[in-house]
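Protein sequences, first through last, are from chains A and B.
Take 1 as the starting number for the first sequence in the UniProt record's numbering and just add one per residue.
Take 1 as the starting number for the second sequence in the UniProt record's numbering and just add one per residue.
Some hints could be false.
Given that identical chains are not distinguished, each listed pair holds provided it fits within a single copy or across any two copies.
[Said to hold, decoys possible] In silico DSS-like pairs for lysine-lysine, Cα to Cα no more than 30 Å straight-line:
| no. | residue 1 | residue 2 |
| --- | --- | --- |
| 1 | K431 | K168 |
| 2 | K380 | K257 |
| 3 | K131 | K265 |
| 4 | K325 | K498 |
| 5 | K168 | K303 |
| 6 | K528 | K378 |
| 7 | K528 | K431 |
| 8 | K223 | K473 |
| 9 | K223 | K124 |
| 10 | K358 | K265 |
| 11 | K378 | K124 |
| 12 | K325 | K168 |
| 13 | K168 | K222 |
| 14 | K486 | K553 |
| 15 | K131 | K431 |
| 16 | K265 | K303 |
| 17 | K473 | K356 |
| 18 | K358 | K380 |
| 19 | K498 | K528 |
| 20 | K303 | K431 |
| 21 | K168 | K376 |
| 22 | K223 | K168 |
| 23 | K265 | K323 |
| 24 | K486 | K431 |
| 25 | K131 | K473 |
| 26 | K376 | K131 |
Please keep in mind that the hints were generated in silico from the structure rather than gathered at the bench.
There are 2 protein chains.
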Amino acid sequence: MASPGSGFWSFRSEDGSGDPENSGTARAWCQVAQKFTGGIGNKLCALLYGEAEKPEESGGSQPPRATSRKAACACNQKPCSCPKADVNYAFLHATDLLPACDGERPTLAFLQDVMDILLQYVVKSFDRSTKVIDFHYPNELLQEYNWELADQPQNLEEILMHCQTTLKYAIKTGHPRYFNQLSTGLDMVGLAADWLTSTANTNMFTYEIAPVFVLLEYVTLKKMREIIGWPGGSGDGIFSPGGAISNMYAMLIARFKMFPEVKEKGMAAVPRLIAFTSEHSHFSLKKGAAALGIGTDSVILIKCDERGKMIPSDLERRILEVKQKGFVPFLVSATAGTTVYGAFDPLLAVADICKKYKIWMHVDAAWGGGLLMSRKHKWKLSGVERANSVTWNPHKMMGVPLQCSALLVREEGLMQSCNQMHASYLFQQDKHYDLSYDTGDKALQCGRHVDVFKLWLMWRAKGTTGFEAHIDKCLELAEYLYNIIKNREGYEMVFDGKPQHTNVCFWYVPPSLRVLDDNEERMSRLSKVAPVIKARMMEYGTTMVSYQPLGDKVNFFRMVISNPAATHQDIDFLIEEIERLGQDL
Amino acid sequence: MASPGSGFWSFRSEDGSGDPENSGTARAWCQVAQKFTGGIGNKLCALLYGEAEKPEESGGSQPPRATSRKAACACNQKPCSCPKADVNYAFLHATDLLPACDGERPTLAFLQDVMDILLQYVVKSFDRSTKVIDFHYPNELLQEYNWELADQPQNLEEILMHCQTTLKYAIKTGHPRYFNQLSTGLDMVGLAADWLTSTANTNMFTYEIAPVFVLLEYVTLKKMREIIGWPGGSGDGIFSPGGAISNMYAMLIARFKMFPEVKEKGMAAVPRLIAFTSEHSHFSLKKGAAALGIGTDSVILIKCDERGKMIPSDLERRILEVKQKGFVPFLVSATAGTTVYGAFDPLLAVADICKKYKIWMHVDAAWGGGLLMSRKHKWKLSGVERANSVTWNPHKMMGVPLQCSALLVREEGLMQSCNQMHASYLFQQDKHYDLSYDTGDKALQCGRHVDVFKLWLMWRAKGTTGFEAHIDKCLELAEYLYNIIKNREGYEMVFDGKPQHTNVCFWYVPPSLRVLDDNEERMSRLSKVAPVIKARMMEYGTTMVSYQPLGDKVNFFRMVISNPAATHQDIDFLIEEIERLGQDL
Chain A
1 MASPGSGFWS FRSEDGSGDP ENSGTARAWC QVAQKFTGGI GNKLCALLYG
51 EAEKPEESGG SQPPRATSRK AACACNQKPC SCPKADVNYA FLHATDLLPA
101 CDGERPTLAF LQDVMDILLQ YVVKSFDRST KVIDFHYPNE LLQEYNWELA
151 DQPQNLEEIL MHCQTTLKYA IKTGHPRYFN QLSTGLDMVG LAADWLTSTA
201 NTNMFTYEIA PVFVLLEYVT LKKMREIIGW PGGSGDGIFS PGGAISNMYA
251 MLIARFKMFP EVKEKGMAAV PRLIAFTSEH SHFSLKKGAA ALGIGTDSVI
301 LIKCDERGKM IPSDLERRIL EVKQKGFVPF LVSATAGTTV YGAFDPLLAV
351 ADICKKYKIW MHVDAAWGGG LLMSRKHKWK LSGVERANSV TWNPHKMMGV
401 PLQCSALLVR EEGLMQSCNQ MHASYLFQQD KHYDLSYDTG DKALQCGRHV
451 DVFKLWLMWR AKGTTGFEAH IDKCLELAEY LYNIIKNREG YEMVFDGKPQ
501 HTNVCFWYVP PSLRVLDDNE ERMSRLSKVA PVIKARMMEY GTTMVSYQPL
551 GDKVNFFRMV ISNPAATHQD IDFLIEEIER LGQDL
Chain B
1 MASPGSGFWS FRSEDGSGDP ENSGTARAWC QVAQKFTGGI GNKLCALLYG
51 EAEKPEESGG SQPPRATSRK AACACNQKPC SCPKADVNYA FLHATDLLPA
101 CDGERPTLAF LQDVMDILLQ YVVKSFDRST KVIDFHYPNE LLQEYNWELA
151 DQPQNLEEIL MHCQTTLKYA IKTGHPRYFN QLSTGLDMVG LAADWLTSTA
201 NTNMFTYEIA PVFVLLEYVT LKKMREIIGW PGGSGDGIFS PGGAISNMYA
251 MLIARFKMFP EVKEKGMAAV PRLIAFTSEH SHFSLKKGAA ALGIGTDSVI
301 LIKCDERGKM IPSDLERRIL EVKQKGFVPF LVSATAGTTV YGAFDPLLAV
351 ADICKKYKIW MHVDAAWGGG LLMSRKHKWK LSGVERANSV TWNPHKMMGV
401 PLQCSALLVR EEGLMQSCNQ MHASYLFQQD KHYDLSYDTG DKALQCGRHV
451 DVFKLWLMWR AKGTTGFEAH IDKCLELAEY LYNIIKNREG YEMVFDGKPQ
501 HTNVCFWYVP PSLRVLDDNE ERMSRLSKVA PVIKARMMEY GTTMVSYQPL
551 GDKVNFFRMV ISNPAATHQD IDFLIEEIER LGQDL
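This is chain A alone, in the form it adopts within the complex (with noise of 0.2 Å):
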């Protein structure tokens, strides 16, 4: 291995006299950076002028640190008192960081060069005259750079360079006119959240590792159920990696519910599962039915009215048929917010329905739980409060960085007992501390990720309230843009009326076809409209918005609007992008 050696260090003071003391202008580096940032200036400065860093407790200075134990690192070397040093990188590796001896002061540089990159991203992110993306093929990427990994180790200029390299290439999540997705969006308090998750680096199986996280987990999954509307916020629940994952565990515990011994027994000791879904609910409905062995075939998709929400009458009719043939319904999974349309089925007809026949009620809200939080719109999931179980997920509607999907279950203990396998080498019964807290045993994940800090830390700095204004407003954009272009020439809506969630979707008809009849032909070049539209945004950089087919509808863009930096400006801009890059269609 290559190994810098020493010497890789180059000091000096600044007037050039060597003797860090007299460097008048060092220290008013420090004394500028201690006001400026408190912490970096604070750190740097202790180590420049080899001081031990204070401890938090003590207001004295210089505390001794040597104690009784024994020393951080077995050399020698001190850090130097010069007053400046000019990195080098390329004279640096990573075995030149912590925990390296004297790893201190390269570390800190080189995290906050990191810091540095990042942060200028984060600005670009936020800047209009920046491209959303900039656009390479696959292959050209591939040649461009070289992304092998290699026996022999980077120095850190290289990997700085690759950290501005891969940022380079990155579409700006956050940029006010990306819409390309459910989750958009760059939130401050969410990202300084994400960045203290991952230097925490724990996992959430026990309280024994990750105590603060696990109570916070507990404090928000109480909030999310009160504001479901669950009795004193009680019931049960985890963040699980994406609504996916959310909508499978809740089919696994409805099937648990029903048929306890399917957990020791598998699908062969109990009667044929059926599960209802609308026709334009996720797919992910269809993907855990596969994985849990149940079957696609077993999931039936219920008809839906012309805005895409679900028709109970279809339903009781498909549950009628189905108790018929001797099969057992075990789940009705209603949708609060459609991918496509952004529907939202009736959750009170569903849950009569649901109490009828006995059938585990559940509310995929992983698009549509945001709107919970507000006064205006939440009336759009009334009758959430009678389901089983909820996803909801923070990282769609609310900004949360991802991932950070909730699912809510109103029984408790019931993922306990579903999941359960008693590890004793994690779960150890004769603890010193309330075991209820090792909350690992819920889930189907061993170690996991902790998800919830980012959303509590954003819902301490922004407030029920600061949820509610973003949710506002993303929804009076997205009626801004309906009311734009309802009637405007080269528009037509997938649907009439206005739209219940942030959801907006229309065909851009170029003026070659507005002089068509509405024929087959039509159809087939309204089809390639979007599909060119959407790649000219990418190759240009200057927007991006998604597109799909449904049903028998081609190719229509399905704009939505969660992204906090959005303005009505950026609607505008839309537009006009759409019909600059698609005139000549």
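Since the structure of chain A is already known, use the hints to place chain B on it.
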């Protein structure tokens, strides 16, 4: 909502004159800061002096920033050109940060202050004079602070305090004396990479929104397959949220390979399937079987020798037994590095049996996979190249921040066929780039966190040889511990012989027990020793190591070493600490 309004910035020049241009000290700070860190110095200085940021591509000074596009925000307030700002966070809220108008300055200051908190934590994490944990019982922590979520926002001063409080009670998982889990340590390059991942805030499902990360996943998985020994690194794979999910994926794919109709028809359409794994294997195999509708009764636990290795003859016997009953063996999951003993199942013998009976061979190398990076130790996984699938968690032995778990599959295309649902809103078939890079449909997850970048960047920084050096060192430390305690008074080894992995399993026998006969009473008293010592370790906060019972063996310590910060002195310390805390028991 509270709105701080204007006037929350307090600007003054260093000499009190109010004239920034005359402030020599501030100028000096900028000069020094630029030299020292390169980045934030430049950025803040540019802001403070009202200069536009210099674009990366251009070397010219003060390029025109205004373009024909719309300006970044509609308001006309310009950053003031004062030299230095004392930020009073008590008057600032999340709404003052980007994307707010004029949000750049408070955002940079806020994120920098968060970073300072994190850097202090990083430095402390490696300092042996700090506690590994400042332990409090759950009810204490809940009472000591108000963690509740409220309607109204908190100011940024409070948010920064929450960050400090959260870290105050966090476990320092990077601390040189933290040995509690298989995942320990805090790698500086990995941490930097995770910060970048958070900042990029995107999703792995399509190339469209994660171009670089998708390519890096491709490159990295291929490299891992090469190391496993599959010709040319061919095959398939994915990063999943933890080893338990990776193991479940293996089970899912193995079942699909044998009975593809299970996807549509469910378990009702197939015969009873049986999986085999050792009695020392990870509990996730049973969790997976329960979830997939196979049932835990259909997971047969094969006997292990006294070192914790699966006994091949028992495997073959149980396979024959099952076949005789008319059931279908579909999966053998061998373990390379068991959780407690660190045992490696005899993969070559298992491979022969799997071949003979045409059973999918999975290797759960979540913990042991790292040894493949070491020329000295990889022989312990001989035969892994014959597996059909391998779980390998770089977040364990290789020290990548949590989470980073890979499932590698020898047959290409199987994951896609098994899990795909062709969601047309994500995986549009008329996109303008090579769709093979849209990997999202291989997974059960829809949104998928970017877990690869940490590993890729660490690999570039360390090289394969760097991982090898780390792994060899950890194994050497484990041997050092073993050699010290194997003949030391007061210690009994749980199994004989040199550990194959870094797991060293032992009882500490306090003096009062050493005189007792080896009977039930002694066992009963011995079983209480490790929990008490562990509780005391946590209360003193000096070190952390795990314990558990296993089979007929009462609570014993399981020491594992994956922490790059650990040294021989830390091993010595651990022994002294166990004796100090346990001698009175």
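So, going through the hints one by one against the coordinates:
no., hint, in the structure
1, K431 x K168, "between (49 Å within a copy, 22 Å between copies)"
2, K380 x K257, "within (28 Å within a copy, 43 Å between copies)"
3, K131 x K265, "neither (55 Å within a copy, 47 Å between copies)"
4, K325 x K498, "neither (41 Å within a copy, 62 Å between copies)"
5, K168 x K303, "neither (45 Å within a copy, 53 Å between copies)"
6, K528 x K378, "neither (37 Å within a copy, 53 Å between copies)"
7, K528 x K431, "between (63 Å within a copy, 10 Å between copies)"
8, K223 x K473, "within (23 Å within a copy, 46 Å between copies)"
9, K223 x K124, "neither (35 Å within a copy, 34 Å between copies)"
10, K358 x K265, "both (23 Å within a copy, 24 Å between copies)"
11, K378 x K124, "neither (34 Å within a copy, 45 Å between copies)"
12, K325 x K168, "neither (58 Å within a copy, 60 Å between copies)"
13, K168 x K222, "between (40 Å within a copy, 24 Å between copies)"
14, K486 x K553, "within (18 Å within a copy, 73 Å between copies)"
15, K131 x K431, "between (54 Å within a copy, 20 Å between copies)"
16, K265 x K303, "between (34 Å within a copy, 22 Å between copies)"
17, K473 x K356, "neither (38 Å within a copy, 64 Å between copies)"
18, K358 x K380, "within (24 Å within a copy, 54 Å between copies)"
19, K498 x K528, "within (26 Å within a copy, 66 Å between copies)"
20, K303 x K431, "between (52 Å within a copy, 29 Å between copies)"
21, K168 x K376, "neither (40 Å within a copy, 39 Å between copies)"
22, K223 x K168, "between (39 Å within a copy, 24 Å between copies)"
23, K265 x K323, "both (23 Å within a copy, 18 Å between copies)"
24, K486 x K431, "between (63 Å within a copy, 27 Å between copies)"
25, K131 x K473, "within (24 Å within a copy, 46 Å between copies)"
26, K376 x K131, "neither (35 Å within a copy, 49 Å between copies)"
The structure is inconsistent with the numbered hints 3, 4, 5, 6, 9, 11, 12, 17, 21 and 26, although it conforms to all the rest.
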